[in-house]
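K.L.:
One-letter residues, chain by chain:
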Amino acid sequence: MNPKPLPDIDDITRPFWDAVQRRTLALQRCDDCAIWIFYPNTWCTACFGRALSWHPVSGRGSVYTYSVVHYPPFEAFAAEVPYVLATVELEEGPHMMTNVVGCHHEAVHVGMRVQICFEDRNGFLVPQFGPA
Amino acid sequence: MNVPPGNDEPVAIAAASEVAPGRYPELDLLARYRAALSRLLSEWSLRPADINGVVVSPAGMAEGKAENIFVHEQLCELLGVHPPYAETMNAGGATHALMLTRAALAIRAGLTDSVLCVAAGRFPKVGDGGAEANARMCCHPQFDFLYGPYIPPLYAQAATRHMHEFGTTREDLAAVAVSSRAWALRHPDAFMRRHGAITVEDVIASRPIASPFHLLDCSVPLDGGAAYLVANADMARRLNPRPAWLLGYGEAHTHFNISQSHDLLMGGAHAAGRRAFAMAGMTPSEIDVFELYDSFSYNPLATAEALGVVPRGRGGRLFADGRTAPGGDRPVNTYGGLLSFGHTGDASGMSMVVEGALQIMGRAGERQVTGAQTALVYANGGMMSEHAVVILGSRP
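For the record, the sequence lines run as chains B and R. Under the numbering used here, think of the first position of the first sequence as 204, with each following residue one higher. Under the numbering used here, think of the first position of the second sequence as 25, with each following residue one higher.
Honestly, I wouldn't trust all of these hints.
Unchecked claim - 25 Å max Cα-Cα, derived SDA-like pairs, lysine to any residue:
hint, chain 1, residue 1, chain 2, residue 2
1, R, 149, R, 164
2, R, 149, B, 275
3, B, 207, R, 151
4, R, 149, R, 46
Unchecked claim - Stretch by stretch, here's where chain B covers chain R in the computed footprint (C-beta under 8 Å, at least three residues):
hint, segment
5, 164-171
6, 227-241
Stated by the list, open to error - Here chain B is said to cover these stretches of chain R; the calculated rule only asks that three of the stretch's residues, wherever they fall, bring their Cβ under 8 Å from a Cβ of chain B:
hint, segment
7, 149-159
8, 284-296
Rather than coming from a laboratory, the hints here were simulated on the basis of the structure. Owing to the predicted nature of the structure, the values given are computational and were not obtained by experimental measurement. Glycine included, each C-beta is placed from N, C-alpha and C at the ideal position.
Build the full structure now, drawing on both the sequences and the hints.
P.N.:
Rendered as structure tokens:
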């Protein structure tokens with residue numbers, strides 16, 4: 204059993220999580236001003252337009268910043284330390300909190316090119332990032 | 025109560041007291057507020073008629089709950105006062121500086137002539153479930169929370185970014201903690217005073233928590249509380265021969281989840297500071313004492329830059345060169361900071377306001393900065409989400 208948390212999905216975020224289960228990263232974009240939006244929303248935060256549509260995106264980005272966690276916050280992450288908590292800047296612009304996996308934690312650096320990957324948490328996929 | 029008119033009316037902190045931070049498991053919620061009020065009433069000659077307003081922060085946030093949203097009513101009853109203005113307000117650690125601005129606004133609007141500002145807090149240790157409760161409160165539950173965040177690695181990401189952009193070093197961060205400890209040794213109520221002085225090497229040798237932070241880069245989670253009275257000129261002068269006058273204030277609110285702050289370099293502090301300096305008609309070079317929120321060693325370093333005390337990228341040198349420590353030309357966190365005085369959770373920002381006021385009043389004892397005429401208090405709440413600056417002075 205993977206003890207780590209799962210999202211409590213709602214109608215606004217369901218398209219995001221459905222896409223992730225198909226191993227795809229999808230984001231909303233405003234039909235009016237073409238701004239990419241994250242987190243999922245019901246209006247555009249640049250123009251308040253309501254016409255938002257979902258689009259698959261590259262899943263590529265770079266590490267904007269990170270921290271190597273040595274002391275776990277709670278039991279679900281106790282077996283993970285040291286792990287990398289990072290903020291990734293997607294090619295499309297939005298920033299996402301994530302883990303960087305698939306390399307030694309000392310290899311992670313600001314600006315590192317990364318590509319989306321997926322962690323299986325008891326049959327539910329959660330997006331993470333690894334070296335591109 | 026006699027409320028004079030006037031929007032530019034001078035307003036001051038007339039009285040300020042704080043309980044020694046510690047671990048007080050025997051005190052329930054209301055008892056912690058009572059302790060803060062007891063300290064104030066024992067140190068200052070106040071009568072019920074002097075308290076014509078109450079602003080209080082809710083306790084329980086740092087434990088992941090904030091159910092006592094009626095605490096202002098409880099405190100009014102406890103004090104036996106029936107003020108024309110009272111509320112419970114929350115902006116995390118920034119609350120306690122914003123209370124001062126709200127009190128000033130209420131007085132200047134003619135609602136009242138004085139406002140008592142009160143906070144009490146408890147900050148559970150990471151190992152006691154505090155980390156999960158806090159992470160659930162300050163991270164998007166469907167996204168950021170999934171990746172094992174808690175407060176240290178969230179703030180640490182800001183430090184990592186600063187190190188990347190400006191070449192700030194591990195030693196620079198440690199120098200902030202060293203400076204704070206040196207001040208704490210001069211404060212009888214500072215929790216870490218008993219542990220004596222520390223060096224840069226001690227900080228780096230303490231156990232790693234979340235890079236780049238080690239244990240001594242992190243504030244000390246404790247229980248505590250404080251209270252201060254804001255009053256119009258007549259009452260302030262009657263209660264205190266040397267009140268701390270409010271010269272300017274500013275605030276800024278920038279994000280909720282830290283991952284959505286595309287500026288991890290305290291842009292909100294910059295905006296709040298610019299507003300406060302403009303109101304006061306002052307520049308950073310005219311400030312004698314700085315009390316800068318320091319949940320982690322990184323914060324005061326970046327805040328000093330954001331406020332214009334030093335140019336961008338020079339915050340590390342400010343601390344590494346000893347300019348912020350006792351005897352330095354830019355004293356920072358003269359009470360020991362949250363790093364060494366103690367972090368009282370829901371009451372944390374109080375420590376900066378109380379110390380800034382005591383420095384202006386000339387009542388800071390062994391740690392008094394000689395001739396301090398002006399003090400700047402900066403407090404932030406959330407994950408560097410809410411930023412408040414107040415500037416205090418010895419003359420209105």
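K.L.:
Now look at each hint and say whether the structure bears it out.
P.N.:
Hints and how they fare:
1. 149(R) - 164(R): holds (22 Å)
2. 149(R) - 275(B): Holds: residue 149(R) and residue 275(B) sit about 13 Å apart, inside 25 Å.
3. 207(B) - 151(R): holds (18 Å)
4. 149(R) - 46(R): holds (12 Å)
5. 164-171: holds (count 8)
6. 227-241: holds (count 7)
7. 149-159: Holds, because 5 residues of the segment 149-159 of chain R bring their Cβ atoms closer than 8 Å to Cβ atoms of chain B.
8. 284-296: holds (count 3)
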